[in-house]
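From first to last, the protein sequence lines are chains S and U. For what it's worth, the working numbering labels the leading residue of the first sequence as 1, then goes sequentially. For what it's worth, the working numbering labels the leading residue of the second sequence as 425, then goes sequentially.
No wet-lab data here; the hints were simulated from the structure. Note that the coordinates shown come from a computational prediction; the quantities given were computed from them, not determined experimentally. Any given hint could be a false lead.
Using 20 Å as the maximum straight-line C-alpha spacing, the simulated EDC-like pairs for lysine to aspartate or glutamate come out as follows [claimed, not checked]: (1) U:Lys499 with S:Asp55; (2) U:Lys443 with S:Glu205; (3) U:Lys443 with S:Asp30; (4) S:Lys162 with S:Asp262; (5) S:Lys409 with S:Asp378; (6) U:Lys459 with U:Asp514; (7) U:Lys499 with U:Glu444; (8) U:Lys525 with U:Asp514; (9) S:Lys409 with S:Glu261; (10) U:Lys499 with S:Asp381; (11) U:Lys459 with U:Asp447; (12) U:Lys525 with S:Asp8; (13) S:Lys162 with S:Asp30; (14) S:Lys409 with S:Glu399; (15) S:Lys45 with S:Asp28; (16) U:Lys525 with U:Asp447; (17) S:Lys409 with S:Asp388; (18) U:Lys499 with S:Asp105; (19) S:Lys409 with S:Asp262; (20) U:Lys459 with U:Asp518; (21) U:Lys499 with S:Asp108; (22) U:Lys483 with U:Glu497; (23) U:Lys443 with S:Asp214; (24) U:Lys483 with U:Glu533.
Cβ-to-Cβ under 7 Å is the rule here; a few derived chain S residues that face chain U [what the hints assert, rightly or not]: (25) Ala181; (26) Ala185; (27) Ser186; (28) Ala189; (29) Arg218; (30) Arg221; (31) Leu279; (32) Lys282.
Facing chain S, a subset of chain U residues (Cβ under 10 Å, in silico) [to be verified]: (33) Trp441; (34) Asp484; (35) Asp486; (36) Pro488; (37) Val490; (38) Ala496; (39) Leu534; (40) Pro536.
For each residue, glycine too, the CB sits at the ideal point set by N, CA and C.
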Amino acid sequence: MSDLGWIDAALTSARPQAVGALLRYFRDIDLAEEAFQEACLRALKHWPQNGPPRDPAAWLIFVGRNAALDHVRRRSRLAPLPDEAALSDLEDQEDATLERLDAADYRDDILRLMFVCCHPDLPATQQIALALRIVSGLSVRRIASAFLVSDAAMEQRITRAKSRIAAAGVAFETPGAVERAERLASVAAMLYLVFNEGYSASHGEVARRAPLCDEAIRLTRLLLRLFPAEPEVMGLVALMLLQHARLPARFDSQGGVILLEDQDRSLWNAQMIAEGLALIDKAMRHARPGPYQIQAAIAALHARAATAPETYWVQIERLYAALEYSQPSPVITLNRAVAVAKVQGPQAALDLIDPLAQRLSNYFHYHGVRGAMLLQLDRRDEARMAFDRAIALANTPAEAAQIRLHIDKLSQESGAETQSGHAS
Amino acid sequence: MHYAILCYHSEDIVCAWTKEEDDAVMARLSLVHEKLDAQGRLGPVVRLLPTTAATTLRKDSDPPLVLDGPFAETKEQLLGFYVVDCASLDEALDAARDLAKANPGGAYELRPISIFHPGKAGE
């Protein structure tokens, strides 16, 4: 790896810790970011000559803090400017100062930095954009590209989000146990939003948006290193890995979506699956189940099945029932119905989802699943109506294409029947 | 003499490599592996999953305590290891230097092996 490649990885990996510490110090997100930026510029100047410091984050915090203090002093003209030589002397003394920043501080710093992005007033898209900008340090241009909007629009969105969190105020005291647990839950939810922003990409967008999945996994792993005994964080990393592992098998050469049961499982990323399964094993030992662990366990059952027919649907149905119990939602019931259909047949599944008709009347997947169940029961006219409704609600061309396959098949079959004079 | 070459690196940094950077490092390392393999000196090569996947069994209590995470909470973590057959420490250092050129940063600990059962799991 080139010098610059190494430095880039070091700056990226140090960023959450360094900006988090600078935020605690300055209590101002813009100032913290500027300070980090300044420290990065100096790192690019010093590291290639002097070699990398042993603790890059500590170096960046120290240098960034001094640089920002200079700016503040310069602005207020309270103190004379230190010259460059004096500053270099300070940099040599980094070790002495850094002892005071112990691991516990770092942990809460990073959690706070991530938590700042989860403010409940911010809509999901702004939380994601803010996290990618502040925690990951992605450029506005890259974030804009991932969201398929102009740079200017994204710049504005991030600025607006920042002024909102500034107005809301951030708690800088070291959080108590309950508050820390609440922050952890909010941050986990935000990281899953970042992941899903990448995961929901269509084939044409994968190159620009799939890196968001990698970034979400990197940040969630970081969170797990800070809180190594939290089973829900283990579950979330596992869930992300097990879903992301399927990426190479999710689209055909024309960009069409390949459903889970039709995917070529040899294309799944074995390393990600191994890590995901290991994390679920670890999480289960704690016997404190939660929604991420349950969803990860479901993904794990798919990952463990060598072929689609070998899927352990009975267990998947039980897990969806557990998820439904802990987080009642019509969408989860709909997912459970797919498993119920495999175990007890399409009629049982229909009985389960019919009561959802009103609440999910505008939900693409509801009508898609319902159509598939009706088709299995050979209630063709009703199936046709459900598929027509689904296609009208499709969110992407790929979703529409998926339903069109069913409709085309229905039309062909009914055409063939008319010609040969058979009635079904 | 068999040497274990234990690979230590900052996990934060390795996790921040892009897929392209990771692939490039692995491609360069595989050239070194091939060279050692051609000389019949390469034993098991192991890259470990991230320390977040690790579990530690503390056996200094009875019953042993099961803890989440790696044994040592250090900046640089054990991320993998090689077993290489080397006639001398110099040979082991040469092998480690070749590997270091392919994968800079962090450290290799060279540790002569006392007992080595290749086992059958890797076959």
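Query - Hint check, failures only - result: 3, 4, 7, 10, 15, 24, 25, 26, 27, 28, 34, 35, 36, 38, 39 and 40
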